[in-house]
Amino acid sequence: MHNPVQRKIRLGFFIAFSVIIAASFFSYLVTKNLLDNATRLNHTIEVSKRLETIIKQLKDAEAAIRGFNLTKDSAFLHPDMGERSNRIANEYAALRHITTDSQRQQRHLDTLKTLLDIKYKQLKLGAHSDTPNGEKRSVTEGEKVMDRIEQKVDDMMHIEDTQLHEKAELFRFFSVLWVPVIFISSLVAILIGIYSYVTLTKEFKLQLHIESKLKSYQRDLQQNIMLLNKSNQELEQFAYVASHDLQEPLRKISTFSDRLQIKYRDQLPPDASQLLDRMVLAVSRMRVLINDLLMFSRAGRIAPESITEVDMSALLQNVLSDLEVALQEKNAVVHAAQLPVIEGNITNFQQLFQNLLTNAIKFAHTGRQLEINISYQILNGKDITVVKENRWDEQFCRICIEDNGIGFDQAYAERIFLIFQRLHGISEYSGTGIGLAICKKIVDSHQGFIQAYGYPNKGATFVIILPLKQKK
Amino acid sequence: MQNMPAGKFSILIADDDADDREMLKAAFEESNIGHNIKFVENGEELLRYLKRKGSYADDLRHPLPQIILLDLNMPKKDGREALKEIKTDNYLKRIPVIVLTTSQEEKDVKKSYELGVNSFIIKPVTFRKLVEFTQTLWKYWFEFVELPNLHT
Chain S
15 MHNPVQRKIR LGFFIAFSVI IAASFFSYLV TKNLLDNATR LNHTIEVSKR
65 LETIIKQLKD AEAAIRGFNL TKDSAFLHPD MGERSNRIAN EYAALRHITT
115 DSQRQQRHLD TLKTLLDIKY KQLKLGAHSD TPNGEKRSVT EGEKVMDRIE
165 QKVDDMMHIE DTQLHEKAEL FRFFSVLWVP VIFISSLVAI LIGIYSYVTL
215 TKEFKLQLHI ESKLKSYQRD LQQNIMLLNK SNQELEQFAY VASHDLQEPL
265 RKISTFSDRL QIKYRDQLPP DASQLLDRMV LAVSRMRVLI NDLLMFSRAG
315 RIAPESITEV DMSALLQNVL SDLEVALQEK NAVVHAAQLP VIEGNITNFQ
365 QLFQNLLTNA IKFAHTGRQL EINISYQILN GKDITVVKEN RWDEQFCRIC
415 IEDNGIGFDQ AYAERIFLIF QRLHGISEYS GTGIGLAICK KIVDSHQGFI
465 QAYGYPNKGA TFVIILPLKQ KK
Chain R
35 MQNMPAGKFS ILIADDDADD REMLKAAFEE SNIGHNIKFV ENGEELLRYL
85 KRKGSYADDL RHPLPQIILL DLNMPKKDGR EALKEIKTDN YLKRIPVIVL
135 TTSQEEKDVK KSYELGVNSF IIKPVTFRKL VEFTQTLWKY WFEFVELPNL
185 HT
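The listed protein sequences correspond, in order, to chains S and R. Quick note: the first sequence uses my numbering, first residue 15, plus one each step. Quick note: the second sequence uses my numbering, first residue 35, plus one each step.
Keep in mind that the hints were calculated from the coordinates and are not lab data. Hints should not be assumed to be uniformly reliable.
What the hints assert, rightly or not - These stretches of chain S come out as covered by chain R in the derived footprint (C-beta under 8 Å, 3 or more residues):
1. 259-268
2. 271-283
Claimed, not checked - Derived coverage of chain R by chain S (criterion: at least 3 residues anywhere in the stretch with Cβ under 8 Å from a Cβ of chain S; other residues may be distant):
3. 130-142
4. 160-170
Stated by the list, open to error - If you anchor each label on the Cβ, the simulated ranges turn out as follows:
5. S/L241 / R/L184: 52 to 60 Å
6. S/Q435 / R/Y174: 56 to 64 Å
7. R/K144 / S/E262: 19 to 27 Å
8. S/M293 / R/Y174: 26 to 34 Å
Model, not experiment: these values are computed from the prediction. C-beta: ideal position from N, C-alpha, C; glycine also.
Produce the complete structure using the sequences and hints provided.
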């Protein structure tokens with residue numbers, strides 16, 4: 015998945031999540047407020063009902079006393095004042111209980127208690143008094159106390175109303191906000207949902223597209239590899255067949271011309287014999303070329319089981335002793351470092367060194383003693399410019415073979431590795447120009463690199479870069 | 035020339051190439067042993083000869099050779115198949131077979147020896163060398179080597 019898209023989706027989900035959390039919290043507040051409000055309403059209703067009951071009981075008691083005083087009918091005193099007082103006291107106790115959370119109400123209730131106590135006494139007296147004088151006084155006093163009680167009850171009702179009103183205000187505030195908040199947050203969540211859906215669908219389609227593209231590339235690649243393998247096989251077959259079938263007529267030309275020279279020795283004029291000799295020479299050169307071509311087509315073909323750990327120092331000593339005669343002829347000095355162990359095909363490595371050293375010997379400068387220096391370095395893939403990034407972790411051995419021979423122009427540094435490419439006339443230096451081409455093929459097949467650096471009339475340096483381990 | 039008196043047939047050569055046959059004949063003649071050789075043109079004919087089939091049924095006119103020179107690349111039955119057949123035949127396997135071919139391929143050399151060939155020789159590229167080869171061949175196989183009796 016592309017990083018920006020992933021970041022966008024993550025941000026989108028974070029916003030949606032935050033919005034939903036905020037909306038939930040707000041809804042919780044609204045609901046809690048609503049419930050509080052309902053509780054408060056119930057509370058207010060209960061308080062006012064109980065206060066009203068107290069007032070009603072008091073009025074009923076006073077009315078009963080007045081009735082008794084007028085008619086002297088004791089039925090008015092039933093139930094008696096003590097019982098009525100008890101009932102009022104019960105209501106009062108209930109009130110006290112339900113308003114414990116409000117200090118103001120409790121204070122009002124304290125006052126009310128005092129007033130009620132006075133009222134109880136008045137009621138008790140009222141039920142026993144029989145003097146009109148005292149009656150008149152007691153009625154006035156009763157009215158006075160009653161007024162004060164009613165005043166208190168009104169105060170308490172007022173507090174309840176105010177509290178209810180406050181709660182209702184808060185609720186109104188929340189309910190006004192609630193609808194838009196829920197609406198907006200839902201809208202945001204839906205928009206983010208849609209956006210995410212669209213983006214993910216797009217991304218998914220892109221992924222599908224990339225996958226199918228990848229698959230088709232893979233198919234193409236496999237097909238190409240198959241074709242390449244086939245053409246490689248054909249090429250090998252071609253090289254084999256060509257070198258065999260081309261050898262046949264060559265062999266016949268040289269055999270027949272030889273026979274011609276032997277059989278008609280006496281009859282052939284000398285120049286005809288010379289022409290035949292030149293023909294035979296050309297044929298033998300052709301044979302060398304074909305053999306080289308065959309050798310080139312075989313070089314670097316390494317079977318995985320033929321790869322072993324090769325002690326390059328021992329190998330180099332072998333090659334040097336094979337070339338001993340040639341080296342002595344040129345009076346050459348070889349300075350060779352102790353080389354490391356490298357994985358590869360021993361025959362190939364032998365040929366590689368043989369060809370490079372033969373080259374150095376062949377192109378020695380006639381005016382000075384030939385000196386060959388062989389040194390090496392172990393390097394990480396990362397530190398070699400020609401190594402691609404996917405092989406930066408591998409370790410390589412960089413071997414330099416340096417000579418003080420005739421050298422070459424750096425312009426030809428690439429060309430000298432091509433098959434049958436020569437920088438000198440055949441009369442100056444022998445050979446077909448196959449040696450370095452074979453070197454390149456060997457190094458290539460070991461997943462290595464070969465480079466040439468030429469300094470005209472000063473010398474040449476060949477650099478071989480080989481991985482220490484061959485990939486299986 | 036102890037084993038075989040000169041003038042009697044002793045080498046059977048299988049080669050499909052008329053030029054090569056002519057050149058070999060000339061080389062053997064040059065070495066004065068031209069009358070000791072016979073030619074067949076492919077592996078199939080070689081086997082017919084050795085097994086006395088068809089026109090080769092006459093024992094006296096077509097006696098078994100003392101040694102066989104065999105080219106590898108031939109039409110019909112090639113040298114490899116013929117070699118395999120000879121070396122798996124209980125009776126014929128006692129006849130020495132010498133491969134004489136242009137092939138320098140390592141696997142041909144290896145395969146031929148695995149099949150039981152007695153020598154593997156790459157065709158000489160000059161007539162002089164060819165004559166030298168016929169002489170050496172004769173000297174080696176008919177003067178130094180003890181060959182098996184084919185009639186017991």
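Going down the list of hints, with the structure as the test:
1. 259-268: Coverage by chain R holds for the region 259-268 of chain S (6 residues, Cβ < 8 Å).
2. 271-283: holds (count 3)
3. 130-142: With 4 residues close enough to chain S, the hint holds.
4. 160-170: holds (count 4)
5. S/L241 / R/L184: 52 to 60 Å: holds, 54 Å
6. S/Q435 / R/Y174: 56 to 64 Å: violated, 44 Å
7. R/K144 / S/E262: 19 to 27 Å: At roughly 22 Å between Cβ atoms, S/E262 and R/K144 fall inside 19 to 27 Å, so the hint holds.
8. S/M293 / R/Y174: 26 to 34 Å: The hint (26 to 34 Å, Cβ to Cβ) holds, given that S/M293 and R/Y174 are roughly 33 Å apart.
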